[in-house]
Amino acid sequence: MESLPQNAAQLMSPWNPGVFALAVYTGVVIVMIALLLYVTGRLGPRRQNPIKESPYESGMSPTGSARFLYPVPFYLVATFFLVFDVEAVYIFSWAVAFRGLGWVGWLQMSFFIIVLFLSLIYIWKKGGLDWGPEAGGGTGIRKPGL
Amino acid sequence: MGTRGRRGDGDTQTRTLKRLDQVFNWAHENSLWPMFFGLSCCFIEEAATLTARYDLARFGAEVMRGSPRQSDLLIVSGTVFKKMAPVVLRLYEQMADPKWVISMGSCSNSGGMYDVYSVVQGVDQIIPVDVYVPGCPPRPEALLQGIILLKQKIEARERPAAPVLGKPGGTQGTDGPILVDGLNKSRDTRGPGYEGVPKRGTSLTPPLFPGSRSDLMWVPPAPRIRLSDADRSLASALGEKFGDSVRQIPQTTDMPAFTVDAGSLREVLGYLKNESKPAYQRLDDLTAIDESARRRRHPECIEGPVCDREVGLSDFTMVYHLLSMDSAKRLRIKTGLRGDRPVAPTVTGIWPSADWYEREAYDMFGIRFDGHPDLRRILMPPDWEGHPLLKSHPYRATEMPPYTRLDAEVHRSLDASYLVEGAERKDTILLNYGPQHLGTHGVIRFVLALRGEQITDVGTDIGYHHRAAEKIGERQSWHQYIPYTDRVDYMNGVGNNLAYLGSVETLAGIKVPDRAKYIRVMLAEFFRINSHLIWVGTFLHDIGMMSLNFYAFREREQIMDIIEMITGGRLHPSWFRIGGVAADLPDGWKGAVEAFVSIFPARIREYEKLVNRNPIVKARTVGIGPLTAREAIDWGVTGPNLRATGVEWDLRKKIPYSAYDAFDFEIPVQSAGDCHARYLVRMEEMRQSLRIIEQAARDMPPGRHITDEYRYTLPDKNDTLKDIDSLIHHFINVTRGPKMPVGEAYSAAEVSRGEQGYYLVSDGMNMPYRLRIRGPDFANLQVLPRTAIGRSISDFQAVLGSMDYIMPDCDR
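As given, the protein sequences belong to chains Y and X, one line each in that order. Numbering-wise, the first sequence is residues 1 to 146 according to the numbering used here. Numbering-wise, the second sequence is residues 1 to 812 according to the numbering used here.
Any given hint might turn out to be false.
What the hints assert, rightly or not - The following label-pair restraints were derived from C-beta to C-beta distances:
no.	chain 1	residue 1	chain 2	residue 2	range
1	Y	34	X	192	54 to 62 Å
2	X	149	Y	45	21 to 29 Å
3	X	382	Y	25	56 to 64 Å
4	Y	47	X	12	24 to 32 Å
5	Y	114	X	55	22 to 30 Å
6	X	601	Y	34	56 to 64 Å
7	Y	45	X	16	14 to 22 Å
8	X	194	Y	35	43 to 51 Å
9	X	26	Y	79	49 to 57 Å
10	X	275	Y	79	54 to 62 Å
Unchecked claim - Taking lysine-lysine pairs in the DSS-like style, the calculated list, with each CA pair at most 30 Å apart, reads:
no.	chain 1	residue 1	chain 2	residue 2
11	X	334	X	273
12	X	618	Y	126
13	X	241	X	511
14	X	391	X	199
15	X	241	X	329
16	X	426	Y	52
17	Y	52	X	717
18	X	654	X	334
19	X	329	X	511
20	X	277	X	654
21	X	618	Y	125
22	X	167	X	153
23	X	241	X	277
24	X	277	X	653
25	X	18	X	167
26	Y	126	X	334
27	Y	52	X	167
28	Y	52	X	277
It should be emphasised that the hints constitute simulated quantities derived from the structure, not laboratory data. Positions of the beta carbon are idealized from the N, C-alpha and C atoms, including for glycine.
Could you put together the complete structure from these sequences and hints?
Here's what the structure looks like:
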């Protein structure tokens, strides 16, 4: 079996991004979006009335405002997701430079991952990942008489 | 050649616009975006149009959009109800411009066969329409033809370039006028100029039917049941305990019955539920009768002799149908009420399910219930005037002022905050889930009170599909009503006919030949499979598995082919007749049935392979929406939803009707009572139905397809060509319809969703005096959505999907 080339990543993805290409791409995206927005805004028929302006909610007029106190659990889950997501960035960058960093890097990263893992278990045990309905709860049937 | 240079600027501009018109029209017609919007039966055929066999994608109208913001084609598929019309208008207004409207089916075109107080006589009275697709329901091919016509209309008649470029002139989208009765349309199907002439002759004018020729006809009296020892001991026990306030009704056709004074009604019913032997655990049905138009009260209408009847001259009668599940017996309790605005005691303390039934009696008759916790309208819009089932209320929509666009703009459903508790809390948001929602499978509105994702309360608002089937029954002859029954549960086709005819045939004591019974059973079971197939497809779609829909519709089309071969219809064959079926089985029926029987078991296994071990399906269904057996019985839950709670109760076995006692099959039961158990029960039921079909095809007895007692039936056509007796019966029964003996009968059939019962009251006329439909979903919907309280929206959707309800059966 042949030995792997030095830079396996290079072989599998022979793409050399340059700043120029990125700039062109960004420019195309911006022009495209601007053009689409302009054309649809300009050519699309506009017929405005209060019903059309109001939110769609299964064909009913909505009750109350959409600005209300949202329960905290949602933010917790979102924050946890963000934290673990960002930390994945470190792991990926380490994987790219895996050979250069050697065993020292491996040890450090293992330590990092273990700490992450322990904290995940901690959150899990604390119930931070329990999304949705509260634990327990019966059938919820209310007898008449309310 | 030379002319080009001499053309003026205007001409060039016109030519450019014309080119542009072609470009825009090409774009418009090939990228129509229909909204995922359905009102009733027609939508089933619209959904079939999406599937592989009809393949709507060929026409560039590929994916139905869930929101009006993303759609530009509104296919109004089904009946436009007055309670729903404001929603239709709102959805239309919220759609993207330019937009088009296809009116699909007779109801949407003109009200169709529903010329009745709750139905708008044509959607064109509230929104403009481009293309009308006739049919009831139109076949999928007809809808495809409608879409082709719309494309042609866009190409031929629309000039979108000018408005797009901001120039004067040109058209795009629907530009037809909204029609106004008397101005540019006539709601009268006979055409204009017939104002004031009753639709079917004065003798057929409800509620009094003056001078009806049925009074001149003689029929034998209704058959009587013989009371068993148990019935007699129940009567004596009731007599001992309650004395004179309970009186047995001496002559009944279907079940023992008692008249109870309103004062002791609650005690009697409580005793019957908890103490008597046998105990009547379940309240099958609760309804009322307006007695004001009884022929006995209006002797001027009657030319023949006046009949006696058991209930005296009360103004209203409350009717309670009870069921004893231990002894498989039914019991009827009647209570007379007096006055214009009568009051009855509530029985919600005995059966919680009475909550909705009493609200319905209040809504329909104006009867108040003393002690009811929440007495308000349930089916009619909150601002409706009058109580529709009163004999004094208008019958037809055409007797009432036309419904206009202004009505659709002014009327509103109740605000969500009236329907749930906890609406005032700062952290609670109210979400309308329906009436137009992909997950509600029909026009029903739930209001969810949400704290985050968690549901803290569920409010249910029904009546968006109220087609007034009960009121229509009071002016259709006994035969003419059969097509209306098809549409009560539009997935269940002739299964509904069977439920209705069960009562009619009990009332008149009609014997059905064996062959007809077998044909009826076979077709009813085909429709059960059809209904379960669509259920399994949509249920799994609800919880995130789209693929099964396409498999299920494939088999469903095969069933439809068999149904069409035998009956000539698809969704609504209306093929059963009083005393039999419309025609004998055609040549080649057996091969088609056997082909289905041979392939279907493998298809069920195929579904189960996809689903049964699927961890996502399990996670979404196991333990979700649980109901215990006791709760299910208390709330009147029937059908697979009841059997999923561990109660082995199936009318086909317990109170066999038609030919079911001749068949070998089992009642599938599960004990968990959750969404998963409901799935398992229905999958097994398909297998059992297949067994019944197999046996029916194998053992199909020879003989007549319709009884030869022609008093009540439409005679065999061949006979009418040969002898004068049959011809006379044919003539009478087709025109004025058969006369039924005075009396009443209740019987129920196990349809795919549960127990559908018909309670018929005959005053000795060619039309029922009162026709009451007990639909399984009215009871199921009262309790099952509430099992999702405390859980998340996704679980709520799983519960809704697993229940398998259908709105015309709930709202009727």
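Verification of the supplied hints:
Distance hint for residue 34(Y) and residue 192(X): a CB-CB separation of about 56 Å, consistent with the stated range 54 to 62 Å. Between residue 149(X) and residue 45(Y) the beta carbon distance is about 23 Å. The supplied range of 21 to 29 Å therefore holds. Evaluation of the 56 to 64 Å hint for residue 382(X) and residue 25(Y) yields a pass: the beta carbon distance comes to about 57 Å. Distance hint check for residue 47(Y) and residue 12(X): the Cβ-Cβ separation is about 30 Å, which falls inside the suggested range of 24 to 32 Å.
The hint said 22 to 30 Å for the Cβ distance between residue 114(Y) and residue 55(X), and at roughly 55 Å that hint is violated. Distance hint check: the CB atoms of residue 601(X) and residue 34(Y) are about 60 Å apart, consistent with the given range 56 to 64 Å. At about 20 Å, the beta-carbon gap between residue 45(Y) and residue 16(X) stays in the expected band of 14 to 22 Å. A hinted range of 43 to 51 Å is violated for the C-beta pair residue 194(X) and residue 35(Y), which are about 59 Å apart.
Judged by the Cβ atoms, the range 49 to 57 Å given for residue 26(X) and residue 79(Y) holds: they are separated by roughly 50 Å. For the pair residue 275(X) and residue 79(Y), the supplied restraint of 54 to 62 Å holds, since their beta-carbon distance comes to about 60 Å. With a C-alpha separation of about 16 Å, the suggested pairing of residue 334(X) with residue 273(X) holds against the 30 Å cut-off. For the given pair, residue 618(X) sits about 26 Å from residue 126(Y) by alpha-carbon distance, which is consistent with the 30 Å threshold.
A threshold of 30 Å between alpha carbons decides the hint, and for residue 241(X) with residue 511(X) the separation of about 39 Å lies outside it, so the pair is violated. Between residue 391(X) and residue 199(X), the direct Cα distance comes to roughly 18 Å. Compliance with the 30 Å bound is thereby established for this hinted pair. The straight-line distance between the Cα atoms of residue 241(X) and residue 329(X) is roughly 21 Å, inside the 30 Å bound, and the hint therefore holds. This hinted pair checks out: residue 426(X) and residue 52(Y) have alpha carbons roughly 27 Å apart, not beyond 30 Å.
A C-alpha spacing of about 57 Å is found between residue 52(Y) and residue 717(X), which places the hinted pair above 30 Å, so the restraint is violated. Under the criterion of a C-alpha separation no larger than 30 Å, the hint pairing residue 654(X) with residue 334(X) is consistent with the structure, at around 25 Å. For the hint linking residue 329(X) to residue 511(X), the alpha-carbon distance of about 22 Å falls within 30 Å, and the restraint holds. Pair hint residue 277(X) plus residue 654(X) holds up; C-alpha atoms about 18 Å apart against a cutoff of 30 Å.
Taking the CA atoms of residue 618(X) and residue 125(Y), the gap is about 24 Å. The hint holds against a cut of 30 Å. Between residue 167(X) and residue 153(X) the alpha-carbon distance is near 22 Å, which keeps this suggested pair within the 30 Å criterion. For the proposed pair residue 241(X) and residue 277(X), the alpha carbon gap of about 13 Å is at most 30 Å, so the pair holds. At roughly 22 Å between alpha-carbon atoms, residue 277(X) and residue 653(X) fall within 30 Å of each other, so this suggested pair holds.
Restraint check for residue 18(X) and residue 167(X): the C-alpha separation of about 13 Å stays at or below 30 Å, so the hint holds. Distance restraint check for residue 126(Y) and residue 334(X): the Cα-Cα separation of roughly 60 Å exceeds the 30 Å cut-off, and the hinted pair is therefore not satisfied. Proximity of residue 52(Y) to residue 167(X) is assessed by CA-CA distance (about 24 Å); at most 30 Å being required, the pair is judged to hold. A hinted pair counts as satisfied when its Cα atoms are at most 30 Å apart, and residue 52(Y) with residue 277(X) does not qualify at roughly 61 Å.
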